[in-house]
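Chemist: Single-letter residue listing:
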Amino acid sequence: MRSQTISRLLTIFAFAYLAFLYVPVLLLPLFSFNDNIYVTFPLKGFTWKWYQSMAANQPLIDALLASLQVGFAVSVVSTVIGMLAAMGLTRYQFPGKGLITSTIMLPLVIPYIILGISLLSLARQVLNIDLSLWTIVAAHVLVCVPLSMLVLIARMEGFDKSLEEASLDLGESAWRTFWRVTFPLAIPGIVSSFLLCFSTSFDEFVLAFFLSGTESTLPIYMYSLLRFPAKVPGALALASCILLGSIIVIVFAEWYRRRGIQAQQEGLV
Amino acid sequence: MSDAMIAIQDVTKAFGPIRAVDEVSFEIGRGEFFSLLGPSGCGKTTLLRMLAGFEIPTAGEILIDGQPMSAVPPNQRPTNMVFQSYAIFPHLNVRDNIGYGLVRMKPSKAELNATVDRALALIKLSGYGDRMASQLSGGQRQRVALARALVCRPKVLLLDEPLGALDKKLREEMQLELRQIQREVGITFVFVTHDQEEALTMSDRIAVMSKGKVLQIDSAAALYEHPNCREVAEFIGTMNVFEGRLLGVQDGVARVDAGPAGELLAPVNGAADLAPGAAVSVAVRPEKLEIAASRPATGNAITGRRLAEAYLGDRSHYYVGAEGLPKPIAAAAQNKQRALTSGSAGETVWVHWPVEAGVLLER
Amino acid sequence: MAATGAIDNESRRSASTWDALRRFWRLHPGLRGLALLTPALIILLVMMVAPLLLTIALSFATQTGFVIDRTPTLANYAVLFAPEGKLYRILIWKSLWMSFTATIAVVLLAYPMAYYLAFRVHRRKLLWIILITVPFWTSYLLRVFAWKVILGFNGAINSGLIYMGVIDKPLEFLLYNPTAVTITLAHAWAAYAILPIYVSLEKIDRSLLEAATDLGDGPLRRFLRVTLPLSLPGTIAATLLVFIPTVGDYLTPSLVGGTSGIMVGNSIAALYGKANNGPLGAALSIAMMLAITLVVCAFLAAIGPKRLRHKGS
Numbered sequence: 001m002r003s004q005t006i007s008r009l010l011t012i013f014a015f016a017y018l019a020f021l022y023v024p025v026l027l028l029p030l031f032s033f034n035d036n037i038y039v040t041f042p043l044k045g046f047t048w049k050w051y052q053s054m055a056a057n058q059p060l061i062d063a064l065l066a067s068l069q070v071g072f073a074v075s076v077v078s079t080v081i082g083m084l085a086a087m088g089l090t091r092y093q094f095p096g097k098g099l100i101t102s103t104i105m106l107p108l109v110i111p112y113i114i115l116g117i118s119l120l121s122l123a124r125q126v127l128n129i130d131l132s133l134w135t136i137v138a139a140h141v142l143v144c145v146p147l148s149m150l151v152l153i154a155r156m157e158g159f160d161k162s163l164e165e166a167s168l169d170l171g172e173s174a175w176r177t178f179w180r181v182t183f184p185l186a187i188p189g190i191v192s193s194f195l196l197c198f199s200t201s202f203d204e205f206v207l208a209f210f211l212s213g214t215e216s217t218l219p220i221y222m223y224s225l226l227r228f229p230a231k232v233p234g235a236l237a238l239a240s241c242i243l244l245g246s247i248i249v250i251v252f253a254e255w256y257r258r259r260g261i262q263a264q265q266e267g268l269v
Numbered sequence: 001m002s003d004a005m006i007a008i009q010d011v012t013k014a015f016g017p018i019r020a021v022d023e024v025s026f027e028i029g030r031g032e033f034f035s036l037l038g039p040s041g042c043g044k045t046t047l048l049r050m051l052a053g054f055e056i057p058t059a060g061e062i063l064i065d066g067q068p069m070s071a072v073p074p075n076q077r078p079t080n081m082v083f084q085s086y087a088i089f090p091h092l093n094v095r096d097n098i099g100y101g102l103v104r105m106k107p108s109k110a111e112l113n114a115t116v117d118r119a120l121a122l123i124k125l126s127g128y129g130d131r132m133a134s135q136l137s138g139g140q141r142q143r144v145a146l147a148r149a150l151v152c153r154p155k156v157l158l159l160d161e162p163l164g165a166l167d168k169k170l171r172e173e174m175q176l177e178l179r180q181i182q183r184e185v186g187i188t189f190v191f192v193t194h195d196q197e198e199a200l201t202m203s204d205r206i207a208v209m210s211k212g213k214v215l216q217i218d219s220a221a222a223l224y225e226h227p228n229c230r231e232v233a234e235f236i237g238t239m240n241v242f243e244g245r246l247l248g249v250q251d252g253v254a255r256v257d258a259g260p261a262g263e264l265l266a267p268v269n270g271a272a273d274l275a276p277g278a279a280v281s282v283a284v285r286p287e288k289l290e291i292a293a294s295r296p297a298t299g300n301a302i303t304g305r306r307l308a309e310a311y312l313g314d315r316s317h318y319y320v321g322a323e324g325l326p327k328p329i330a331a332a333a334q335n336k337q338r339a340l341t342s343g344s345a346g347e348t349v350w351v352h353w354p355v356e357a358g359v360l361l362e363r
Numbered sequence: 001m002a003a004t005g006a007i008d009n010e011s012r013r014s015a016s017t018w019d020a021l022r023r024f025w026r027l028h029p030g031l032r033g034l035a036l037l038t039p040a041l042i043i044l045l046v047m048m049v050a051p052l053l054l055t056i057a058l059s060f061a062t063q064t065g066f067v068i069d070r071t072p073t074l075a076n077y078a079v080l081f082a083p084e085g086k087l088y089r090i091l092i093w094k095s096l097w098m099s100f101t102a103t104i105a106v107v108l109l110a111y112p113m114a115y116y117l118a119f120r121v122h123r124r125k126l127l128w129i130i131l132i133t134v135p136f137w138t139s140y141l142l143r144v145f146a147w148k149v150i151l152g153f154n155g156a157i158n159s160g161l162i163y164m165g166v167i168d169k170p171l172e173f174l175l176y177n178p179t180a181v182t183i184t185l186a187h188a189w190a191a192y193a194i195l196p197i198y199v200s201l202e203k204i205d206r207s208l209l210e211a212a213t214d215l216g217d218g219p220l221r222r223f224l225r226v227t228l229p230l231s232l233p234g235t236i237a238a239t240l241l242v243f244i245p246t247v248g249d250y251l252t253p254s255l256v257g258g259t260s261g262i263m264v265g266n267s268i269a270a271l272y273g274k275a276n277n278g279p280l281g282a283a284l285s286i287a288m289m290l291a292i293t294l295v296v297c298a299f300l301a302a303i304g305p306k307r308l309r310h311k312g313s
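Chains as they are written, first to last, in the working numbering: chain A, 1 to 269; chain B, 1 to 363; chain G, 1 to 313.
Since the hints were derived computationally from the structure, they do not count as laboratory data.
Just so you know, not all the hints are guaranteed correct.
Straight-line alpha carbon distances no greater than 20 Å define the calculated SDA-like cross-link-like pairs of lysine to any residue that follow [to be verified]:
1. Lys106(B) <-> Ala174(A)
2. Lys155(B) <-> Met105(B)
3. Lys203(G) <-> Ile153(A)
4. Lys97(A) <-> Phe15(B)
Sample of chain B residues with no beta-carbon within 12 Å of chain A, all distances over it, derived [stated by the list, open to error]:
5. Pro39
6. Pro68
7. Ser85
8. Leu120
9. Ala220
10. Thr238
11. Leu274
12. Pro286
13. Ala293
14. Ala297
15. Ala308
16. Ala339
17. Glu347
18. Ala357
These figures come from a predicted structure and were not determined experimentally.
The beta carbon of each residue, even a glycine, is placed where N, CA and C say it ideally should be.
Let the sequences and hints guide you as you build the complete structure.
Modeler: Right under this line is the structure:
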């Protein structure tokens, strides 16, 4: 009897929680179609104009391109480094593995403000290099490598180590073994890592803010919009587009990852 | 220069302070079906992996067909391995799996297909070429792993407990098949197992290993009839062991005071010179024992009371508890003689055997 | 003749050194593993260790105008501990407190959600997991922005309440104060807490729960005696995962905090930037990290080392 009430309360809570998670964010698209420069109730009327103004907005397009380029570079570099590190950690034994792993995961727990400012000092005062999209790429790689490693280690531990030994035993060199066996089997993990790093970099604000030069990434651009009430609806439209884009990407990524796990469980026992 | 296919010379493998393989030396002949037998952790798999090249000896040398292997990586050795997990590539179908090791030689498509077809016929899986690993049963995967390795024409085939995951009936079938294939193909097989029945069935010779050392290398019959130490005797088959002290040796026969089992005689066959007072055991196989109502005139005999019987279809095991002995004596007999050997529990009987049927071992 | 002999010996020696090296490489396959880790370690060294060391070093310097004087001095730390540094101490304390409240709120709300997902959802688990994960991956900036829009003077709440006639003047206390920051943090970080707790609950061997019931426990007792303790590692992970980054958060206070709601992160940024006092900013950063570490250690010590034995990453 009582446990049934608890069950019902729990279900109500779960749905309420989902609402709590989503409603605030869903207000953004809601107001992006509102024909009103201020974000207030009541809703005035439906309009596409905020979206239309986006197309002509050159700084926005530049920022979008910059974010895409940075995101792509970060994903590629982080995934490659993460793949090498994952292979090193899952296929070999050596002392200090636990310590090394923990250390590489450290960037995940250092506050980004401190990382950002420290990197800024390093770049400007010690190395005397100019800030640019490349400095942003470097900073993002630092925080994405641990994420890439987490994904790839999980994937690499999932398949049989003797597969690579079998390939060697059958005469292939280590290099060809990687391309014929390891890489094909790791592809789901590589794709996941790529998507994860890309979306992390694409959305990241603090590090980009402190390490950007003349070019802005999309989050920096959006942040600048928020200072001017007149530009807020444009920011809403932009935010909604980004939201839609991320949802599509994430759903795809999750579906793809689950499919990989399923295939793993069937074929690799 | 011996003509052995594999020569293992003083090989040791240490992991830190632990010696997985401890100064092992022996040779394996050409075309032999050779087994490494022992409990988990005895070093047999480590030794096999050293033959394959996946582990490097800490000390000692391995020669295959006369060539030292210490500088040779696994992909250049004339060996191929069937892994315990089969290691069938899940992203390739059966044909591509079998042909995997041939691809780098860049054969023509016709050649490759012909070779793979022949291999499929050998393992009786013709027509399964397009299936993926997930569509195969355990036994089928095992055969694909075998074909994949054989197709590379190695001088030595290494098998790491390949039948462990199969059920009993399938395992017995595969044992016979493997033996047949080995005779057909004619190459040296090195087979690792912890199942002594399996080793006895299939091998020309067996190396019994324990804690990194090789205890005895012999044919199945020799290991069974003449184990050289207690560990081998108890590992292979069942063995009744009576502990005691050596009283004396006369004309090749030892007299042993076996405590509650009385005085027992056993042949001394080349065991180390043992002095009177040495701790020894007399060991005898269950099927060599007979059960009688009264003490026979010759041979060793121990009296006791019948305990349980175990009926196994073709034979039965009879257990006799003798006073003062820690374990019941196990006797075995074919059931066609059941009338002679069976009896009721609690009955007092004599278990006896001829002196030559026993073995003298160090304690 | 002797010369060529010497050269031969030399090349033979270097050949054997090369061979010895090759043999060493073959004999220790673990070295290959380390080699594969090198790029990651280099990134770590150059991009994290070096900058942090730099910041530590900077905290012992002083800056006037644009000139940095690198003679080592404890002046900055002195400032932090002195009466004139009271502002900073309060700031650190406030940040810790705001993070703490937000973390508690996040974890307390996330736990039942994770529990529901782990134990009550049977058929559409994948869908739920995607629904829970999506907010996790959308832009943090967007989530904070959403709250700015909601809590603003003319924002969603105010205008909605006015429109519905509940109030006639906008509520001013909604935005630009510490509470706004805490609420925003609690929402923005919610998704980060669910996943570790969920994973931890999902991993619990169901037969343990059956055994507890079999031995006489009702649902509440079973929860307190079996489920809760076994989910502790995930819950602790969630707590740390939310607490540690939020203390130093820059974005949320700058968008919804106003002047009263600023946190340590904003102050550090200001010191480096407008205030032209990088060294003090560095010292404040170090102080903040030490404060976080102390709190985390105290927290873990309070939990008890025994219960941490099963903690994963």
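Chemist: Go through the numbered hints given earlier and state which of them the structure violates, listing their numbers in rising order.
Modeler: Of the numbered hints, just 7 does not hold.
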